[in-house]
Structures are given as C-alpha cells and as structure tokens.
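Asker: Chain by chain, the residues run as shown.
There are 2 protein chains.
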Amino acid sequence: MTLGKFKRNERIGGIVKVLCDTPNKIYTLNHFTAMFNAAKSTISEDIVIVKRVMEDLELGIVETISGAAGGVRYIPKINSRETEKVLSDICETLRDESRIISGGFIYTADIIYNPHYVKKIGEIFGRIFADKPIDYILTLETKGIPLAIMTANTLNVPLVIARDDNRVTEGSTVSINYVSGSTGSISTMYVSKRAVKTGSNVLIIDDFMRAGGTAKGLVDLMTEFDANVVGIGVMIATKEPEKKMVDDYVSLISLEAITRDKRIIIHPKEDVCV
Amino acid sequence: MTLGKFKRNERIGGIVKVLCDTPNKIYTLNHFTAMFNAAKSTISEDIVIVKRVMEDLELGIVETISGAAGGVRYIPKINSRETEKVLSDICETLRDESRIISGGFIYTADIIYNPHYVKKIGEIFGRIFADKPIDYILTLETKGIPLAIMTANTLNVPLVIARDDNRVTEGSTVSINYVSGSTGSISTMYVSKRAVKTGSNVLIIDDFMRAGGTAKGLVDLMTEFDANVVGIGVMIATKEPEKKMVDDYVSLISLEAITRDKRIIIHPKEDVCV
Numbered sequence: 054m055t056l057g058k059f060k061r062n063e064r065i066g067g068i069v070k071v072l073c074d075t076p077n078k079i080y081t082l083n084h085f086t087a088m089f090n091a092a093k094s095t096i097s098e099d100i101v102i103v104k105r106v107m108e109d110l111e112l113g114i115v116e117t118i119s120g121a122a123g124g125v126r127y128i129p130k131i132n133s134r135e136t137e138k139v140l141s142d143i144c145e146t147l148r149d150e151s152r153i154i155s156g157g158f159i160y161t162a163d164i165i166y167n168p169h170y171v172k173k174i175g176e177i178f179g180r181i182f183a184d185k186p187i188d189y190i191l192t193l194e195t196k197g198i199p200l201a202i203m204t205a206n207t208l209n210v211p212l213v214i215a216r217d218d219n220r221v222t223e224g225s226t227v228s229i230n231y232v233s234g235s236t237g238s239i240s241t242m243y244v245s246k247r248a249v250k251t252g253s254n255v256l257i258i259d260d261f262m263r264a265g266g267t268a269k270g271l272v273d274l275m276t277e278f279d280a281n282v283v284g285i286g287v288m289i290a291t292k293e294p295e296k297k298m299v300d301d302y303v304s305l306i307s308l309e310a311i312t313r314d315k316r317i318i319i320h321p322k323e324d325v326c327v
Numbered sequence: 054m055t056l057g058k059f060k061r062n063e064r065i066g067g068i069v070k071v072l073c074d075t076p077n078k079i080y081t082l083n084h085f086t087a088m089f090n091a092a093k094s095t096i097s098e099d100i101v102i103v104k105r106v107m108e109d110l111e112l113g114i115v116e117t118i119s120g121a122a123g124g125v126r127y128i129p130k131i132n133s134r135e136t137e138k139v140l141s142d143i144c145e146t147l148r149d150e151s152r153i154i155s156g157g158f159i160y161t162a163d164i165i166y167n168p169h170y171v172k173k174i175g176e177i178f179g180r181i182f183a184d185k186p187i188d189y190i191l192t193l194e195t196k197g198i199p200l201a202i203m204t205a206n207t208l209n210v211p212l213v214i215a216r217d218d219n220r221v222t223e224g225s226t227v228s229i230n231y232v233s234g235s236t237g238s239i240s241t242m243y244v245s246k247r248a249v250k251t252g253s254n255v256l257i258i259d260d261f262m263r264a265g266g267t268a269k270g271l272v273d274l275m276t277e278f279d280a281n282v283v284g285i286g287v288m289i290a291t292k293e294p295e296k297k298m299v300d301d302y303v304s305l306i307s308l309e310a311i312t313r314d315k316r317i318i319i320h321p322k323e324d325v326c327v
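Chains E and X supply the protein sequences, listed in that same order.
Numbering of the first sequence is given in the numbering used here, commencing with residue 54 and proceeding in unit increments.
Numbering of the second sequence is given in the numbering used here, commencing with residue 54 and proceeding in unit increments.
Treat the hints as calculated values from the structure; they're not laboratory data.
Errors might be hidden in some of the hints.
Each pair may be met inside one copy or between any two copies, as identical chains are not told apart.
Straight-line Cα separation of at most 27 Å, DSSO-like style, residue types lysine-lysine; simulated pairs [what the hints assert, rightly or not]:
(1) Lys130 with Lys58
(2) Lys292 with Lys269
(3) Lys130 with Lys322
(4) Lys104 with Lys130
(5) Lys315 with Lys185
(6) Lys269 with Lys185
(7) Lys60 with Lys93
(8) Lys78 with Lys185
(9) Lys58 with Lys322
(10) Lys296 with Lys322
(11) Lys58 with Lys138
(12) Lys58 with Lys104
(13) Lys250 with Lys315
(14) Lys185 with Lys93
(15) Lys315 with Lys246
(16) Lys130 with Lys78
Please construct the entire structure, taking both the sequences and the accompanying hints into account.
Answerer: Here's what the structure looks like:
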C-alpha cells in the first residue's frame, strides 16, 4: 500500500466492512488512521458519514465512545419492518402441514440451521437484550446452538453450551437435575466448571419452549455458579401451557396449536415487531 | 427517504454493509438502484469502487456476475496473514498447561464457542473449499456446531446436524453405526430423512479429529442419502495416529503431543496459511 492511496469513499467502504465484521467491538480511531494512513481528523469525518448512512438506511447504529478506552463500534439494529418480515417468513414456512411430527412437534431444523435466518434471529435477540449487561450466552445442546452463537456474535460475548451428557472433554463439570415440564421426566444437564466466572451475567437463548423446564434448569444451574440470568429468549414458544416454569422470557413466535385437521397455527409475537 | 438523498460515499457504505451481511448471496443491481433511488450506471460505478477497496485492503472479493441471473456478490477471502494470526493466537491460547484434561484431551470450549474465532475459522474453511460445489455443511453434534454454522454462513448454504441420539423432533431418521477410531467403541449417529436431498454435495466440518472415526461415519451416512462428500475440514487434528480413517481431510491446526511434563505441542498447519 502506498501513502495517501485511499479516497474518502474508499475509506468509508473499508470502515463499514471492519465495523460490521465484529459487532459491538470497539475500534480505536488509530486502528483506522493506520489502516488508511490518514489523519485522525479525516477519519473522524469519515465516521460521521458512516454513522449517517447507517442510520438513514436503518442498517444499524455506529456509536462513538469518548475517553481513554474510546473509539467507535457498530451495533446491529434490525428494524421493526425487517423483524416482522423475517418472523413472518419463518411462520409461513412452518405452516406447511408436512412438517407435523407425531407427538405434537413440527420439523424446524431447516429453519434453525439456516444461517440467513439464525443470523437475523441473533440480531433480533441482540436488539431486545441490548440494554442488559451480558457476559455469556447460554444454551442447552443441540438445536438452539446456531441461534445462540449468532446472538453471541451480535453481542460480542462468548457462548456457553450446557451438555445433556457428561463428556470427558469438558473437564470437571457442575450438574443439575431438572424436570422436563412437558413430559415430567427427569434429566441432567452439565456445564464445565471453567466455563462461567462467578458473578457473571448470562442471557439464555433457545429455539423452543413448551413448559419451560429446560430454561428453569439452566436458571437453577447458573445459581450454582453465582451467576445472574438477565434474560431468556426463545425463538418459538407454545401457547399451552400458558403458565411456564419461568416467569420472564421473551419469545419471537407463538405456536398456538396444531389442529386435528393438521393446521399449524403459528404467528410472530406482535410485541417484538414494534 | 427523499429522492437523490445519498452521495456516492454514502451509497458505498450502504452497498458494503448489504453485501458483507450475506456472503455469497447474489444481489441484483436493481436491489441497489431501489435502495438508493439511483441510476443503474451510477450503482455500477459505485460497485467498481467497492470492488477496488475490498481488494486493495484484502477484505474479500466483490464479484460481478453477468446475465439474467446476474448481479453482485461478496466472497469473504481471509488473507494468509490474518489466517496465520488467528491460528497462531488459538495455538498460543491452547498451550496453557491448565487446559490438560485427563485422557489426553485439552479444554477447547472457550475457543470454539467464541464467536470471533469461529467466524474467522468459518472464513478460513470458506476460502479453502471455495471452489467446491457445496449444498450443505454437515457436522455431528455438539462441539463443531458453532464452526459449522459460521462456515455455512460464509458459503451461504444450510447446515445439517447429525445427532448422537434419535430425537422425536427430527421425524423419521436414517442412522448408521460407526466405530470411534480412538476408543474402538461403537456408536450410532442419526440424520433426519428430510435433511439432505438425494445427489447433494456435502462439506463435513468438525472441531477435532483423532482417528477420524466420526468423519468416516458421516461419510458412510451420506452414501445412504446418495450424497457426495466433497471435502472434510477439521479445526484441530492430532498427529497420532498418522493414518486416519478418512483419506482426504484438511486440518488447520496440528496437535502433535501432550508431553509427560505437561507441554502441549500444537501449531498451525503451514499449508493452510499460504
């Protein structure tokens, strides 16, 4: 690279790429002055333009943080129109009666393993829980993992996975027995002792909630680590039972019923689309 | 939004954001003419600038595809310098002797559940397998899932997760027994019948390979779907046994040995850093 090579519009393209690649990571102005061999005042002006275009196009928020640990970061902020579109698309796809699996389940794997959808769901959870202090995203294996890692990426925090089996590769673990709220059966979940620091704030993310037994188990397990659960987000919650085993949770989609004539009644939760 | 509101540098910021948000997705020029209320020729000029800045800064490739299904797409292309840095950082972190777990394992969960690292690993696999036709990424639960969904995101294809247990939510499944190459014990893995279309091309991604028994099981399972395995990528492979149960695989990091005096000998594979 030669000196003074980049024009303003080139620098802006580069800044947008770097910021959006790692949401919620704070980059110093020096990072960009070195990248483009440009003056700090020039980069500051570039960032003002980046801010404006992201806001005008509703592509997210670029925030400047002043002070010694200061810099600039990109906060994904999926807008209400796009939130509603993503959730409506998912519901539309899930209404196909060929998805009904005996036992009152519907087949969702193609949705929750589709990177396009899970990335958007991660951004939706990121927006909903943006104001909470969060040190970890926590999920129970397996189906919630893609949503959970995408939420972790949006919020720039690590993921912790509780296992339903005690694996040698986890080292020493902390375990808890929990009651599956829908079947009443007792299972055990395990988290590696070194995975969660004492006093941490944890956001639980999962793909599906029926009675909330899994979420309750995860909450109880976190008390063993003296960690605080600051929120619970699930992609789909069933309407029944109305009373879940946890009180505070946010669901994006409500599965109302699967009728006897094989209609799947499912819709986005209105309150998350505003 | 009002007409003619956006300047060139603002459009460039917006185009970069949209393209990089969904790697390998083809956007038509009309997408951007509508977004910015600008002429096609204007957007074409913008894209030439976007192309140049991405290439000059080694941030990836922006490719224009002509014809009826044409448009423009962003192909992540992590460069060799960054590849080496990411893999060296991971190895440096993993060399800490407190990570040794009895049984010859090392604790890796904090690395492979860290969104920053798994996103980069996904881009490295994306670069390595860029020329292959790929319809699905396939992994066996659990620890490879974050790497696998990030690779799926880079390549813009869906993920398929094989389960080590037969779950009701998967519907009808196809199963296979496989021999764990390191322990010699027999396990079963399951993939939902509806997850993989006949004749598909599949890329297997996992976090760790010792003898290759899991990869061999996944390959055998895909023959049951008449699917072709076009590649196998693992983050870490042990040096021993040198002869794995699969022939063609790419590993990013080699775990040579854990010595009796608790040194972990691990390093990036040189051939993936060039």
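Asker: Now tell me, hint by hint, if it's right for this structure.
Answerer: A quick look at each hint next to the structure:
no., hint, result
1, Lys130 with Lys58, "between (32 Å within a copy, 22 Å between copies)"
2, Lys292 with Lys269, "within (17 Å within a copy, 42 Å between copies)"
3, Lys130 with Lys322, "within (18 Å within a copy, 38 Å between copies)"
4, Lys104 with Lys130, "both (13 Å within a copy, 26 Å between copies)"
5, Lys315 with Lys185, "neither (40 Å within a copy, 40 Å between copies)"
6, Lys269 with Lys185, "within (20 Å within a copy, 44 Å between copies)"
7, Lys60 with Lys93, "both (15 Å within a copy, 22 Å between copies)"
8, Lys78 with Lys185, "within (16 Å within a copy, 33 Å between copies)"
9, Lys58 with Lys322, "neither (50 Å within a copy, 34 Å between copies)"
10, Lys296 with Lys322, "within (17 Å within a copy, 53 Å between copies)"
11, Lys58 with Lys138, "between (41 Å within a copy, 25 Å between copies)"
12, Lys58 with Lys104, "both (23 Å within a copy, 15 Å between copies)"
13, Lys250 with Lys315, "between (47 Å within a copy, 25 Å between copies)"
14, Lys185 with Lys93, "neither (32 Å within a copy, 43 Å between copies)"
15, Lys315 with Lys246, "between (45 Å within a copy, 21 Å between copies)"
16, Lys130 with Lys78, "both (15 Å within a copy, 21 Å between copies)"
Checked against the numbered hints given earlier, this structure breaks hints 5, 9 and 14; the rest are met.
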